[in-house]
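J.: Chains as they are written, first to last, in the numbering used here: chain C, 1 to 351; chain L, 1 to 351; chain H, 1 to 351; chain E, 1 to 351.
Hints are all accurate, no fakes.
Here are the simulated SDA-like pairs of lysine to any residue, each with C-alpha atoms no more than 25 Å apart in a straight line: (1) 319(C) <-> 191(C); (2) 280(H) <-> 223(L); (3) 270(C) <-> 194(C); (4) 319(E) <-> 302(E); (5) 270(E) <-> 210(H); (6) 2(L) <-> 60(L); (7) 260(L) <-> 282(H); (8) 133(L) <-> 330(L); (9) 319(E) <-> 330(E); (10) 260(E) <-> 262(H); (11) 270(H) <-> 136(C); (12) 140(L) <-> 215(C); (13) 320(E) <-> 82(E); (14) 270(C) <-> 280(H).
Derived from the structure by calculation, the hints contain no laboratory data.
Each chain, letter by letter, is given below.
There are 4 protein chains.
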Amino acid sequence: MKVAVIGCGTIANAEHIPAYLKNPHVEIKYFCDIVPERAHAAVEKYQCGTAVTDYHAVLQDPEVAALSICTPNNVHAPIAIDAMRAEKHVLCEKPASRTWDEVQEMIRVQHETGMTLNIGVVNRFNDSVRRIKQYIDAGKLGHVYHVYVSFRAHRSIPGIGGPFTTRAIAGGGALIDWGVHYLDIVMYCLGDPQTKTVSGETFCQLGRDIPDYVYTNMWSSRTRDVNGTYDVDDSVTALIRTEGPVITVHGAWAQNIGVKETYIDFMGDKGGIRLDYGGKFTFYGAEFGSLISYQPEFEMTDMFQNEIDAFVDCVQTGKKLPSHIDTVAVTARMMQAIYDSAARHEEIRLD
Amino acid sequence: MKVAVIGCGTIANAEHIPAYLKNPHVEIKYFCDIVPERAHAAVEKYQCGTAVTDYHAVLQDPEVAALSICTPNNVHAPIAIDAMRAEKHVLCEKPASRTWDEVQEMIRVQHETGMTLNIGVVNRFNDSVRRIKQYIDAGKLGHVYHVYVSFRAHRSIPGIGGPFTTRAIAGGGALIDWGVHYLDIVMYCLGDPQTKTVSGETFCQLGRDIPDYVYTNMWSSRTRDVNGTYDVDDSVTALIRTEGPVITVHGAWAQNIGVKETYIDFMGDKGGIRLDYGGKFTFYGAEFGSLISYQPEFEMTDMFQNEIDAFVDCVQTGKKLPSHIDTVAVTARMMQAIYDSAARHEEIRLD
Amino acid sequence: MKVAVIGCGTIANAEHIPAYLKNPHVEIKYFCDIVPERAHAAVEKYQCGTAVTDYHAVLQDPEVAALSICTPNNVHAPIAIDAMRAEKHVLCEKPASRTWDEVQEMIRVQHETGMTLNIGVVNRFNDSVRRIKQYIDAGKLGHVYHVYVSFRAHRSIPGIGGPFTTRAIAGGGALIDWGVHYLDIVMYCLGDPQTKTVSGETFCQLGRDIPDYVYTNMWSSRTRDVNGTYDVDDSVTALIRTEGPVITVHGAWAQNIGVKETYIDFMGDKGGIRLDYGGKFTFYGAEFGSLISYQPEFEMTDMFQNEIDAFVDCVQTGKKLPSHIDTVAVTARMMQAIYDSAARHEEIRLD
Amino acid sequence: MKVAVIGCGTIANAEHIPAYLKNPHVEIKYFCDIVPERAHAAVEKYQCGTAVTDYHAVLQDPEVAALSICTPNNVHAPIAIDAMRAEKHVLCEKPASRTWDEVQEMIRVQHETGMTLNIGVVNRFNDSVRRIKQYIDAGKLGHVYHVYVSFRAHRSIPGIGGPFTTRAIAGGGALIDWGVHYLDIVMYCLGDPQTKTVSGETFCQLGRDIPDYVYTNMWSSRTRDVNGTYDVDDSVTALIRTEGPVITVHGAWAQNIGVKETYIDFMGDKGGIRLDYGGKFTFYGAEFGSLISYQPEFEMTDMFQNEIDAFVDCVQTGKKLPSHIDTVAVTARMMQAIYDSAARHEEIRLD
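Only chain C is shown next, with the shape it has when bound in the complex:
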């Protein structure tokens, strides 16, 4: 099976390409990037494929069965839509797109064309997250009534002044970039309940003064672009009522509190779980009149490899994965509602 990688930046090189190379059923035929150097660098580094700068060239090759979209968020929707119409299966990085309108268009085209459209909500392939879903489904937590989502960092604005911090490109900041993972984990573990109300606020406070933003390290880019744009949320909070539990959200790419608190608390009447994001989890409960807690031990597999392998498998078998665009719709709509509520400073009903 021949595939193409559209966008040869950080996430492509760190995760998608190595995972495709390890999958025995796949050959990477194209590396596509609007920056020619990046496409050529990939060909040279991985010793395979052809470098192209226009993704339409890829779409015209009938040998290509599927592609990964690893571009900035603003071109997720157009590329995915064009690809599906060209009868390519698509694995599109998260977030699905910048806005709920764009996501709805992607869903519409997926339903029309019947091509696979998976979103890179890679935590659905994470060993801890899968186990937490098992615990909740098996009733170990009893009635889960509240979830607290914390994705707070001291200084983690990515490439300040670049595409990540430009609303027209990224669609948003901390919420759309980090929050999407956390909210998706919550939705997945809870069985994707519908959203009822959303009240949220976003803050653009620490990054807006690009030249004077103090940091000790930065990801995606190592230096600030002082002539760039910063018009996204560096911090967000929300209270969400769903058909299932209430969700309280508190996230920050940057804040003047020097802690890293990145976890999700699932609170049930019989038990609770704290997921250390990216790591293991702890179960809390009671039995025989005693309080108990423990951290299950298990082997962690590579969630990106799992995601790519599952994508390849579903292209070949037609299986619908938990990362299908349909399942991601709830989170996309919820994030849109947080941004809308923040703009209007009032709660929004979605039911």
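The hints should help you fit chains L, H and E onto chain C, whose structure is shown.
T.: Relative to the frame of chain C, chains L, H and E by itself:
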């Protein structure tokens, strides 16, 4: 100056009585409790005063200038109102009362009678809290845009089945009992901004099965009352927009997450502060291109003693304290709105 | 209810007497000890009772309903037997007696007289032990196939040269003094299965040279008696087959390995428990493909108080306790078999 | 000197081959494995020798002086016997063979042919073990009366479902695979005393449900063979009386107790030693009225290199090594007796 203590339970014996005894201007003339043994025990223990069971007896004594109300919440309002009408000055334990209606009535009578009515929002006399207010007033945090309030414990329901867990007596649970302190600190430090919107949810999950509630220790009472009532919130979350910062609230007397996270984060664009509730605080900021953080060192004085001394002083001088019922009104109204929003499952506007 | 304490040494003063004093239904009428000073010291210290040196005096007082035997092991049987024949209920310290023959005689007289005869297997009133029994009974460990009993200390010979180290008085050493507790816990938690085979060895190696035995501290007596006797086991090992699990025993009052390893491992096919003797326990298991372990949290009550309270209650109600001499017979017979196997250097069958 | 390696699996590649390659007197002429790929892979990897699949081809080559047997246990005896009869010297991996009968046959043929037959009891070439033997021989421990052998792991079943867990191939499980090393160390340090009685029990509890056995990692193979066999002991305990000390054995490849306790305690009346298996050791004693303990510091050499070097030397000089089959006979017979005792549930006499 002669005073009386109405209600001779835990808070009276632990804080009010010892503080009055240490104040050189005061003599305790009455210990009043509807349980005669408790009143007599106080007389015997402190070797002063007279034991009475009906607070009206105290109100009729013209020698009594002031009194502390240390009773369950349901009689805060009637005793305070009767006392002011009998021309006594009043220090009433927190919360002011069970509902915003009751508090409004207390305010009305205070304004009519002109007597002092202070509420036991004792953290306004705490050295850390006072300093944080100074930092914010001095602009060290810049624009404070968000406050996160966490008062979460693993197992801390007080006297399950007793007055603390009975709505008709206490008015509520974790929010009215613990949250009142945290929200009051926030209001005090921020200069008492008006509330605009409140969206909240309360949960009654862990305590409602009184016989099977598992705990390793319990305050206020050491054993459960299996025939008692549990109809209050053991957990609460809210998102509050004010004229100043947004406030996110997350509190629990009990939860199936085995952590104690009791702190308040004040997030500003120039700096931030985490207050370790009951302890010191840490300041986070940036200067000369570096990130900095430090915990100021200072002596902690006894905030209850400060409160009592200030009350005695204001009775004698007529000074208006930051714990005056007027300043507490904002928090009382906010808490009522959280309970109302939780009941209706929708956001409430207060502006 | 009037009781007497026979033997006013360490265990009486540390545990029995304080527990009787805290029990509201009991009055201590006699303190009996063959050393008059010890009996008088008790009367003075506890401000109650009469000092006597001959226990027959106690037996003749019809007011005395029950008594605790806190003497050396060699007089457990004669006093218990005389007491039951005098229609007194008896709580006799562990071990029941020095030999299985003596224990059988005690059982015979208990059955004849119908008086209560409980043995001080106090761990049957310990919160950890009781919970472990619940875990096993509830099937949390699955099939329990092996138990490893470790009561190993570096230097803990009690009062070397005194009654504890004299076979004619104590009946044995480390096994009869410490092992009795461990084996009794195992028997209790497993539902008292019958013993099938016993192969054991005892060692008298470190204590036999009384003057040169090196230690840093010593219990029961603070100094050695160089003219005393040391003819008991300071170390023991055994392999026991029961109708339930196999038990491996390894214990030492003293050994030239500088560790304190005092625990019991219950190994089942679904889960296992390590009891930290005198403390809490850890559960090990597997669920949802993960390995888990945790230490339940609960409040530890005073097991000696529980024992005394239960004894008083059973004297008044006739209830049969888990510490009844009948339930202790299995362990007494097993210990005898270990000593016999060690003497003959071969396995003994008991079925 | 030309040698051959029979069986090119884990132990051959990890230890035997590298050690032969470092020995200046040796050239590997054959890599033999019934799986041709493994033999060829060795030739390619080490750039020497010839790949063969039938060991008889090796035996017919008069140039080959000696060979290492690194096969599964079931072919140890036939290959060793054929090799000696073909006048080859043999270094056979541990255990000597699956049963005592097979070992006796190997001894018989060794005596007949006079060829060297060493067993891979490699700890006899370990620096800690050799030093412990020196301590005991020099009388530093006094009379060694008891040895406690612990080889307990939480989850360490090797290649579940494969040759290690199939009795017909391996002869046994935890005892024959791990226990052989520990018992051999004990025998070596104590001067190979004869066994008098053996009472043992083996347990096949955690591994028998191959699909549901939970582990976080596994050696020898990374994945389970769900269609394979598991009919060996995952746990064992025994009490052994010898002409010297009593030995208590407790070992487990897997158990529901989450500890790794792999050590041997030598208990003497003057001193004791705890050997941390695979590492250093601690000496405990007393002198001048004080208790002392220390861990000797010394350089650890590669015991496998020592073993191979000694084998090469003894082939050339005819020296009899401490790993000669004669010295291993005691342990082989003892292990057989543990399995026999476990099968009959009673003690076995060997004297």
